[in-house]
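S.K.: Based on the sequences and whatever the hints tell you, model everything.
If you're matching them up, the sequences are chains A and B in order. Counting in the working numbering, the first sequence tops out at residue 788, every number present. Counting in the working numbering, the second sequence tops out at residue 109, every number present.
Simulated from the structure, these hints should not be mistaken for laboratory data. As the structure is a prediction and not an experimental result, all values here were calculated from the model. Misleading hints may appear alongside valid ones.
[Unchecked claim] With a straight-line cut-off of 30 Å between C-alpha atoms, the simulated DSS-like cross-links for lysine-lysine are:
1. Lys734/A to Lys87/B
2. Lys241/A to Lys169/A
3. Lys464/A to Lys424/A
4. Lys22/B to Lys424/A
5. Lys742/A to Lys464/A
6. Lys67/B to Lys464/A
7. Lys464/A to Lys336/A
8. Lys67/B to Lys169/A
9. Lys97/B to Lys464/A
10. Lys611/A to Lys644/A
11. Lys435/A to Lys678/A
12. Lys464/A to Lys87/B
13. Lys424/A to Lys742/A
14. Lys87/B to Lys67/B
15. Lys454/A to Lys65/B
16. Lys22/B to Lys339/A
17. Lys65/B to Lys87/B
18. Lys424/A to Lys97/B
19. Lys97/B to Lys253/A
20. Lys336/A to Lys67/B
21. Lys611/A to Lys742/A
22. Lys253/A to Lys65/B
23. Lys65/B to Lys241/A
24. Lys734/A to Lys65/B
25. Lys211/A to Lys239/A
26. Lys67/B to Lys88/B
27. Lys65/B to Lys336/A
28. Lys742/A to Lys627/A
29. Lys253/A to Lys67/B
30. Lys88/B to Lys28/B
31. Lys464/A to Lys28/B
32. Lys644/A to Lys435/A
33. Lys678/A to Lys644/A
34. Lys336/A to Lys28/B
35. Lys174/A to Lys67/B
36. Lys22/B to Lys464/A
37. Lys88/B to Lys464/A
38. Lys97/B to Lys336/A
39. Lys253/A to Lys241/A
40. Lys336/A to Lys87/B
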Amino acid sequence: VFDINGTDVTPRPLYHPDPLTGTAKPSKLLTSQEGSLGSEFISSYSLYQNTINPSTLGQFTRSVLGSSTVSKSSVSASESIAEDLEEPSYKRERLTSFTDLQVIRAAPEKIVTKEDLEKNIEIILTETETLRFFDLPTVMVSVESEEAEKVTQRNKNYEVLCRNRLGNDLYVERMMQTFNGAPKNKDVQCDKIIMEDKGIMSTAWDLYDSYNAMEIVSLSVKQSVVESSSKANVLPKDQDQRLPGSTTEKNIETSSLMDIENVILAKIHEDEEDHSDAILKSDKFHQDLFFMERVLMENIFQPKLAAYRQLPVLKEPEPEEPEDVLESAKHEEVEEESKKEEEEEIHAEESTIPANLERLWSFSCDLTKGLNVSSLAWNKTNPDLLAVGYGHFGFKEQKRGLACCWSIKNPMWPERIYQSPYGVTAVDFSIGAPNLLAVGYHNGTIAIYNVRSNSNVPVLDSSESPQKHLGPVWQLQWIEQDRGTTGDDKREILVSISADGRISKWVIRKGLDCYDLMRLKRTTAASNKKRGEKEKKDEALISRQAPGMCFAFHPKDTNIYLAGTEEGHIHKCSCSYNEQYLDTYRGHKGPVYKVTWNPFCHDVFLSCSADWGVIIWQQENVKPSLSFYPTTSVVYDVAWSPKSSYIFAAANENRVEIWDLHISTLDPLIVNTANPGIKFTTILFAKQTDCLLVGDTDGQVSVYELRNMPTVLETGRGDIMDTLLGSKSNQSA
Amino acid sequence: MTDVEETLKRIQSHKGVIGTMVVNAEGIPIRTTLDNSTTVQYAGLLHHLTMKAKSTVRDIDPQNDLTFLRIRSKKHEIMVAPDKEYLLIVIQNPCE
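M.R.: Put into structure tokens, the structure is as follows:
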């Protein structure tokens with residue numbers, strides 16, 4: 056198609072099969088007006104209007120269709136066209152370009168597969184080169200050139216032509232209608248995409264849990280766990296969506312694996328009530344209750360416990376409590392008041408305050424009310440654990456007995472309760488296996504309990520043993536004895552002394568971690584002979600056996616021990632000799648209830664008896680060194696203080712006395728009177744603290760704190776007797 | 014079971030204890046000595062606080078875990094023993 060000027064204005068198709076070859080050819084357009092067929096596109100070949108138009112059109116339409124069959128016909132068409140033209144080169148061009156086109160057209164018949172759809176296709180948008188649709192540079196001819204006349208003539212002709220165009224028959228207005236593609240509206244409706252906000256706060260522990268849980272899951276075999284693990288994988292990725300904490304609970308969830316499982320399990324669980332029961336029965340709940348109780352105790356008893364542990368006592372900011380009656384079971388008010396008194400005292404000068412016993416609290420509960428405390432023993436490893444044996448005081452009416460383990464942390468309820476039909480007369484904790492508690496009964500039985508368990512059944516029992524004691528077991532003690540003589544290793548033995556006149560040694564042969572009920576194998580054969588001669592007190596054989604009341608092993612040499620009898624004699628014996636005593640100490644007139652070595656000065660020991668007296672002896676001397684007869688009441692128990700070699704405590708019937716020999720040998724340092732009707736029966740010092748435990752006939756074990764004691768002299772511990780004897784004031788009954 | 018009941022009774026009878034509550038993970042009381050509305054209120058509030066405290070403890074060290082929570086106020090002390098399935102709450106007035 057040519058316009059008036061003869062330039063080629065045929066509309067080019069949008070399809071450019073070979074743009075590279077296209078750019079090289081635009082010059083062809085301009086070279087000849089007659090046959091400017093120089094474009095490489097088939098469809099844009101423009102020919103003389105009149106003759107070739109139909110074929111061009113046909114060619115055009117056919118080329119648009121682009122089928123391979125067209126190619127043949129168009130080739131023939133091009134040949135025919137080429138005949139009209141003088142330039143033979145067209146054919147060649149055309150053919151080459153045509154063949155190019157042919158090739159290209161055959162190419163895009165690939166099937167697009169699904170993977171291709173999924174593939175990431177990179178689309179790079181770049182700027183193409185400038186395509187010139189039309190470029191008509193001006194031709195300038197110099198006026199003086201040869202062609203100038205022709206050009207001017209031609210220009211004039213053109214002007215004339217333009218003027219004559221209107222109304223001229225040569226020029227006909229012609230209109231052409233193009234096809235308008237019918238527009239079509241197309242709608243697509245899709246399902247509403249529901250958007251949901253999901254937020255999670257990923258915390259450090261959350262991530263830790265998920266990683267740990269995934270490790271556990273990889274080992275697990277369960278199906279449900281595997282499913283939920285895949286869910287958990289998704290959740291940690293939600294890190295970027297952080298919602299504030301104010302959103303509703305539905306949106307925030309912990310991604311912990313366990314919680315998902317719990318949710319699943321909880322939904323499966325049908326019965327609500329079962330679940331709550333399960334909670335109550337669970338061990339964890341039990342443990343939590345246990346702790347809770349201790350925490351409560353701590354709150355209630357905080358000042359007392361602090362005083363016990365020698366910590367500064369916190370003062371509560373509250374009004375003063377009114378005074379209350381002393382005999383009430385709850386002594387907290389009394390303690391409060393006395394605490395305040397004592398606080399005021401602290402402000403005063405310490406040197407003017409005499410030493411005194413400060414009552415902190417008492418271990419008692421309903422179970423123990425009315426029973427007599429017969430023995431006290433600390434646990435060897437846990438300094439807070441105390442074993443208390445309860446029996447009846449009037450030993451004729453022996454009823455039930457109780458052995459309880461109390462903890463300092465809970466003064467209101469014992470940790471362990473072991474009931475028995477007989478009164479308990481002796482308790483002791485083992486040294487080597489601190490969970491074993493040996494309990495001696497009024498009927499002569501010895502039982503060993505494992506305090507780790509709550510069961511009332513002892514681990515070992517001697518009730519079926521043929522060599523059990525026939526009388527009440529008055530004292531039990533675990534001794535670590537070096538049995539080098541027999542070639543055995545250092546072993547722990549249980550030694551008991553009872554009213555049938557025997558001191559027996561019990562050995563647990565099959566090891567201490569045996570839980571079956573088994574018979575104790577005793578080597579009483581050896582030791583029985585020792586005590587079989589209880590018959591002979593200090594001379595030749597006497598048939599009657601003297602009941603033994605107490606014994607004490609020497610702290611350094613576990614071969615030597617003292618035994619106190621009902622007759623008032625104290626015998627020094629050795630484990631190697633079971634025929635006779637090494638020595639006899641005579642001085643008491645009544646049964647010796649307690650004998651104990653001085654922890655610092657190993658030659659000195661102390662004894663107390665029913666003849667109202669307390670006597671200090673020296674090992675080498677069979678006569679008493681010092682004796683004390685403070686009151687006319689039976690002295691039930693006596694104990695040395697673990698801190699000073701001069702201080703000891705004695706429990707009379709209605710008084711607790713603290714003696715300090717360094718200060719005075721005539722009078723006790725502190726005297727604490729009991730409530731009327733109550734007798735003090737046992738004492739025990741606490742090891743690390745300045746406290747004294749006193750058991751009485753009402754079933755209470757009271758804890759007293761020794762306040763303002765005179766300072767302990769570090770020197771001269773061993774020279775106690777010299778000091779005393781130097782200024783001795785012997786009182787004989 | 015009776016052991017648990019006994020311990021619960023003992024705790025309740027201690028000096029100064031105002032109330033004892035055991036609530037499950039959903040806030041439904043299993044055992045309580047206070048009225049229902051108070052129990053539910055305590056349970057709801059303490060649950061959130063316990064979660065927060067637990068999250069704090071574990072954020073600092075993920076291997077650690079919260080075992081006990083005590084809140085001391087002017088009037089009382091609230092003690093919470095948390096667990097995955099339940100909350101044990103005791104309110105005590107330690108002063109008088």
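S.K.: Output the numbers, in ascending order, of every earlier hint that fails for this structure.
M.R.: 1, 8, 11, 15, 18, 23, 24, 25, 32, 35, 39 and 40
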